Amino acid sequence: MDIRRIQETQRLQAARSGPREVEASTTFSALMQDKREHKGYERLQQKLLLVEEHGQLLAESHTIENLESYKEKIKDFLKDALDQSQQLEEKRGFNRRGRTKIYKVVEQVDTKLLQLTDTVLSGESRRLDILDQVGEIKGMLVNVFV
Numbered sequence: 001m002d003i004r005r006i007q008e009t010q011r012l013q014a015a016r017s018g019p020r021e022v023e024a025s026t027t028f029s030a031l032m033q034d035k036r037e038h039k040g041y042e043r044l045q046q047k048l049l050l051v052e053e054h055g056q057l058l059a060e061s062h063t064i065e066n067l068e069s070y071k072e073k074i075k076d077f078l079k080d081a082l083d084q085s086q087q088l089e090e091k092r093g094f095n096r097r098g099r100t101k102i103y104k105v106v107e108q109v110d111t112k113l114l115q116l117t118d119t120v121l122s123g124e125s126r127r128l129d130i131l132d133q134v135g136e137i138k139g140m141l142v143n144v145f146v
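First residue of the sequence shown: 1, per our numbering; consecutive thereafter.
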């Protein structure tokens, strides 16, 4: 009997006080998403540094191997950047403008890489010309990154 009375009292007190408001807190999934974004950002930073290093190698030594390595690093960076943008887009909803911007930058980077390839293959490349083109490409990649 005492148990029923206590339960009834608790139920009545809960009914009188009305619904309780729960403090907003960060959900586990939101926390995990933030961690993924942070890791993705760090990964893009590391890949951008690799692109920069390989660009310097290409400027110092105008070999086909260095050119291929540089192109491969750019490809890896752009692939990760596109994957990251898709994840962010899914989180924030559809943002066609940002998506179009990335594709436009990828096209511009591809054009600049073709010009750089022509410069290296022509054999008349100077270090300053290659550094200039590498700098332009890096600027475009930073634009994707931001």
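Honestly, the hints are just simulated from the structure, not real lab data.
Since the structure is predicted, the reported quantities are computational estimates derived from the model, not experimental observations.
Heads up, a few of these hints could be off.
30 Å max Cα-Cα, derived DSS-like pairs, lysine-lysine [claimed, not checked]: (1) Lys104 - Lys47; (2) Lys47 - Lys71; (3) Lys47 - Lys35; (4) Lys104 - Lys138; (5) Lys104 - Lys39; (6) Lys35 - Lys112.
**Prompt:** Hey, Lys35 versus Lys112, does the alpha-carbon distance stay inside 30 Å?
**Reply:** Judged against 30 Å, a Cα distance of about 34 Å means the pair is violated.
**Request:** Take a quick look at whether Lys47 and Lys35 sit within 30 Å of each other, Cα to Cα.
**Result:** The given pair, whose Cα atoms are some 18 Å apart, holds under the 30 Å limit.
**Request:** Would you check the hint for Lys104 and Lys138, treating anything up to 30 Å between C-alpha atoms as holding?
**Result:** Holds. Lys104 to Lys138 sits at ~15 Å (cutoff 30 Å).
**Item:** 30 Å limit on alpha-carbon distance, applied to hinted pair Lys104 and Lys39
**Value:** At roughly 25 Å apart (the allowed maximum being 30 Å), Lys39 and Lys104 satisfy the hint.
**Prompt:** Does Lys71 lie within 30 Å of Lys47 when you go C-alpha to C-alpha?
**Reply:** holds (12 Å)
**Item:** Lys104 paired with Lys47 [C-alpha distance capped at 30 Å]
**Value:** Given pair Lys104, Lys47 holds - Cα atoms ~20 Å apart, limit 30 Å.
In this structure, the one hint that does not hold is number 6.
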